[in-house]
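Could you slot chains B and C onto chain A? The hints should help.
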Amino acid sequence: MTVLPIQVYFALCFAIYAIGIYTLIAKRNVLRMILAIELMLAAANMTFVVVSYWFSPGVIDPLVRSIVIISMAVGSIVAALAVSLTILVYRVFKTRDVRKLSKLKW
Amino acid sequence: MVSDMIPYADILIWLVPIIIAALSPFIAKISRTAVFALSIASVTTSFICAVSMIPDILAGYATYSPGRVLGEIPFDHEFVWIDLAKIVRSSINLGFLIDPLSVFMANIVSFIALWIFVFSIYYMGEEVDIGRYWFWMNLFVGSMILLVLSNNLLQMFISWELVGLCSWGLISFWYKSTAPSPDPRFATEGEYNAHCGFKALVTTGFADTFFLVAILMIGWVTWRVYGAPIFSFTRLMADQELKWIGELARLGLLPVFTLFILSGPFGKSAQFPYHEWLPEAMAGPTTVSALIHAATMVKAGVYFVARFFPIMLEATNYYPQAKMFFLIVAYIGAFTAFLAASQGMVARELKKVLAYSTISQLGYMFLALGVAGLIIHHEHAYLYGLYHLASHAVFKALLFLAAGAILHTVHTKYLDEMGGLAKYMPITFWTMLMGALSLMGIPPFSGAFSKEGIIAASYESGNMILFLLAVVTVALTAFYTIRMIGYVFFGKESEHVKHIIEEHGIREKSISMVLPLIVLAASTVILSILGPAIFEFIEHGTLSHAFEPANILTYFLETLSSRTFFISGALIVVGLVPSYYAFVKQTIDVKKLMEKSIVLRAIWKFLYNRWYINKAYYVIFVDGVKGVSQVLRRIQTGISNVNIAYAVAGIVILLILVLI
Amino acid sequence: MNLLSPPLNIFLTIILGIVLIVLVGLKESVRKNNYLLGSIGAVVSLLTLIETVQVLQMTLHYPITVWFTAQSPSTSCLIIDSFSAIMAVLFAFVTFVVAIYSLKYMEGRHALNAYYILLLVMLLSLIGIVYAGDFLTFFVFYESLSVSAISLVAYFKNEEAVEAAFKYLIMDATGSTLVLLGFALLYGVAGTLNIALATKQLYEMGSNLTKFFVITLLVCGFSFKAAIFPMHSWLIDAHPAAPSGISAMLSGVVIKSGVYAIIRLLVLSSGIRFELYDLLLIIGALTITIPNIIALAQDDVKRILAYSSIYNIGVILVGVATGTALGIAAAIFHMINHALFKAMMFMGAGIFVHEAGSRKLDDLSGIGRSMPIAGTIFGGGAIGLMGLPPFSTFFSKLLIVWAALSIDGYRGLIIAALVLVNSIISIGYYGRLIKYIIMKQPKEKKVTKESNYKELNEMIAALTLIFVAIIIVSIYPGIVLSYIQNATESLLNPSIYWAAVS
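Residue numbers (the numbering used here), protein chains in the order written: chain A, 1 to 106; chain B, 1 to 660; chain C, 1 to 502.
Here chain A stands alone, though its shape is the one from the complex (with noise of 0.2 Å):
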């Protein structure tokens, strides 16, 4: 039995999602971007876990489970090549703020 409707939790999920593409889109900082990508991941697993509930409420669908620990762990090296990029950015660039990188243009 789902407190909401089970609608409520995919728009739950696809809200996330949204709200990750929105900091990417609209805000400057590296690190919030790379939050972003992991909040975007975040939704996704969620997803699953909805899904799960959807086919069979109450009991973890073994299927799922593994796949959102894998596509964690992935998630997670993901986020290890993120963080060290950021740091390389930084270290380059001297600045957190992504509009400044745009030597690269046209």
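No lab work stands behind these hints: they were computed from the structure. Some hints could be false.
[What the hints assert, rightly or not] Dumping the calculated DSSO-like pairs for lysine-lysine here, alpha-carbon to alpha-carbon at most 27 Å:
#, chain 1, residue 1, chain 2, residue 2
1, B, 352, B, 605
2, B, 423, B, 413
3, B, 498, B, 592
4, C, 157, A, 27
5, C, 27, A, 100
6, B, 492, B, 592
7, B, 323, B, 243
8, A, 94, C, 157
9, B, 492, B, 615
10, C, 157, A, 100
11, B, 509, B, 352
12, B, 615, B, 626
13, B, 626, C, 360
14, B, 352, B, 176
15, B, 498, B, 591
16, B, 423, B, 352
17, B, 29, B, 176
18, B, 176, C, 360
[Stated by the list, open to error] Here's a subset of chain A near chain B, in silico, CB distances under 8 Å, partners left out:
#, residue
19, 19
20, 21
21, 24
A virtual CB, placed ideally from N, CA and C, is assigned to each residue, including glycine.
Quick look at chains B and C alone, frame taken from chain A:
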């Protein structure tokens, strides 16, 4: 069927040059003489193979008559090259169609190529990049022969593009030249040459895109009608009613198809509106100009129209809309002939005059082929168009080679820097004069008879615009030809020439340059006697009546006594006389005339600027596209946020579109 | 599940190679030895190449399935059919050539062991992507490809590389999250993540709005990696900034993996004619035109090649979007051709840039003259990419245009004309490349012919190797086409693919 030709002649004829082409750069590094010898050997092989195919035709293995659907299947030798059987139920085949038209073309190509190669021995004798030169030249001969022997449209298109590629390689051959550039937009002459090559490539490429679409339309519509795509010429004609054209007409695509399929020939043969690349193509070595841009590659368009002609002629019996094909060909041909001849009258460079002349004469050939579809005795005009192809190939190659000899000796390409060379280079003078007379249409040279036939046909068509354009161009042709001869050979020597005389003296340089000139000059006379032979060969595939003297005599007399001959003769005089006095005898001072008359100056300016067509093309296509490019590149800002914004916007739009 | 039998031995080989490099690289002095590390990389990729060809022979008509544990719809597996096998051979070949190229190019540079490890990881991920039988496996390899590719883009650690890598990261990660979201929804719709079973479910759903939504979402996600307009902006910066061998791999094979995913998903779940194909046509048309025109205004050689890569991906997409057997076969053929050509061009450009020290066309004037072999091969590649015979790109473009014309109505004509006109525009910028690199006058301070010529031999060997492959394919396309026809059949008769898991 036993055939008399050399076994595998139809494969060797193009394979040998291509193999030699691939080897040339490496051989050239080892020995220059070897690469020259091998190239001459390969083109001689091609010539021998081409000649060996004639007996086959005579023995009755092939007929392919204009106006009549095939009686017997021509010798059609095919291999599967790319098997797409599982996908499109067909395959791209490598096939060779040995019929009178293709053998005729193959002979012309290999014969002229042979003498041009001989000429190159001295002309390119000191060239450093000789390996590259022979690579492109041999590849060109191989691809051109492959083109004329192709039995299907796809293979023809492939060799069509290959020929265009060789043309690019050869026009921009001297890209390393550091001489000052004749065009202020470029830093050196080398860059100018490279630009000319690209201009040719882009213009013909652009024309060829529409051509390809038309060819693929044929494949598509035959797929609809017959169940499998058909590209082979013989099979396209196998259906008497040509249902595939009917399908195109039914779908309303016939006009589009006609325009597109003619776009290719017009591009390759430098007709309006694709004529602007040929004058620039003169930047290449003169042997290249002779081979590609006078005698062979530009004839590919005419060859294609001739090849396609019977199909469209049959089609007009069932679908009157198909007549548009001939109308377009005839009008564009006539107009271009006039257009180019008018520009040739004021050209400053020797080779440019010849280039304009080539465009103009090609216009005549198209006029002939177009008119052939409109009159009753279409064989008449068709055969004369092809005869003019042969005779023009010979005399234009002759003119270009003579021009090459002159350029090599005098080291300038501008007409006003030459003069008075007749006494120093007599053989060149006499042979070039013979070529010029043939071009103008004066008997007994072959050019006279071929051009006469075309004019007679245009008169017979009843279409007075075509006739008028044709005959006026005769006058213009006479004018610019004599002007050219006058500038080069008569009058006083210019400063430049005097300078050269002091330094090295001027004389005929080498037998390798002189021999081809003599051979070609003789050919242009012999070709006039061979007229009936060519007619009979192409039309019937036999040569039985060709060489009877009575036949030949009647042929001559008929031409010389026709009404149109008097008209065109009169016009030759009209063009010749003022030009003679202005440029040969130099009794009329052209400069003073120009200064006095505003009208003459305005006309001169208009013609010199090539009717401003060239400028228009540059503005629209080159600057226009570059401008759009500069505007568009701004979308690539460097800012990451904006990048994502675009992406997201795109996704959202897509999703919305999907959900609708 | 025998570890030593193909296809699993491929993974084993690469992993052993990686381990070897790690072990060998533990010693400080060996880390500087480019030849040793590079040869390990080259040998491993050669072995992989041989093994992938073996797999290709094995999968001619029926796909191979390799289950990781029990056979059930929720287990991870590998499903290899002809299409996957061809792609794997292509990837292995390009990696092999790049490894040979790197033997010389990477001489004296830093972090060599990391470079080769990442290169092998890229190869592993690429092969994993095409061999994957369920979307989870696919996703894992997809991400690992991103990670290794991004790290390699940032190799030089200068401003340009770091900026490019960062942008690549952002866009690629966004794409991956979108893909993951799509997989979640796909799981919701189809009940399984096994590629064969899921697509079968989708196919049997017919025309369903949810299905369209999910597929579009997934296609959009994949197009981040495949650099399809409007998600292409990262490619323009990333390809020039990477080391040339990596640019070759990026342009040649990494973006192809995105297209592979799109093809696999779309064609298997929708059959031949389907509403989404029109959308693909529009996107394809935009991808073809806009980057092509922008390329005319560039003056950096690698950037021009990058824009051209997007253009060719657009052509491939149009080939798929025609929805006919001919179109898909032509698209696969073009994928192979373009991969070979573009890898060759980037490597050639790398040689020139190495010589001249700059990527601007002005500084590269005439450099092809002092390196005749590289110059000729580069020129030949440019002619091929213009779409002129006798090269195989002419045929693949011809077939795509033919396929486009078979679409009903004027749309087919418009698309065909668009592809062809853009071919002519591409003559514009390839012509510029040829003009500057081969035809212009060299600047004064050029190196003499002899001195550097001998030193560049491995790079030129790599270049020649690809050129020979191209010539073989051009003269006798039948070699490749027979496999491609198998692949098309396998794609368009999905029952064979689906049967692999039942």
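Q. Has the given pair, residue 157 of chain C with residue 27 of chain A, been kept, meaning a C-alpha gap of at most 27 Å?
A. Status holds; Cα separation ~25 Å.
Q: Starting from residue 352 of chain B, check that the Cα of residue 176 of chain B is at most 27 Å away, please.
A: With a Cα-Cα distance of about 22 Å, the restraint between residue 352 of chain B and residue 176 of chain B holds, given a limit of 27 Å.
Q. Would the stated hint for residue 19 of chain A survive a check requiring a Cβ distance to chain B of less than 8 Å?
A. Given a least distance of 13 Å, the restraint on residue 19 of chain A is violated.
(Q) For residue 176 of chain B and residue 360 of chain C, compute the direct alpha-carbon distance and say whether it is at most 27 Å. (A) Holds, because 21 Å separates the two Cα atoms, which is no more than 27 Å.
Q.
Holds or violated: residue 352 of chain B and residue 605 of chain B, Cα atoms, limit 27 Å.
A. Holds, at roughly 16 Å.
Q. For the pair supplied as a hint, residue 492 of chain B and residue 615 of chain B, is the alpha-carbon distance within the 27 Å limit?
A. 35 Å, violated
Q) Does residue 626 of chain B lie within 27 Å of residue 615 of chain B when you go C-alpha to C-alpha? A) Status holds; Cα separation ~15 Å.
Q | Cut-off 8 Å, beta-carbon criterion: hint that residue 24 of chain A touches chain B | A | Holds. Min distance 5 Å.
Q.
So if I understand the rule, the pair passes when the alpha-carbon distance is 27 Å or less; does residue 323 of chain B with residue 243 of chain B pass?
A. With a Cα-Cα distance of about 16 Å, the restraint between residue 323 of chain B and residue 243 of chain B holds, given a limit of 27 Å.
Q. Is it true that the CA of residue 498 of chain B sits at most 27 Å from the CA of residue 592 of chain B?
A. Holds, at about 25 Å.
Q: Starting from residue 626 of chain B, check that the Cα of residue 360 of chain C is at most 27 Å away, please.
A: 19 Å, holds
Q: Compare the distance between the alpha carbons of residue 509 of chain B and residue 352 of chain B with 27 Å, and conclude whether the hinted pair is satisfied.
A: With a Cα-Cα distance of about 23 Å, the restraint between residue 509 of chain B and residue 352 of chain B holds, given a limit of 27 Å.
Consistency with the previously given hints fails for numbers 5, 9, 19, ordered from lowest to highest.
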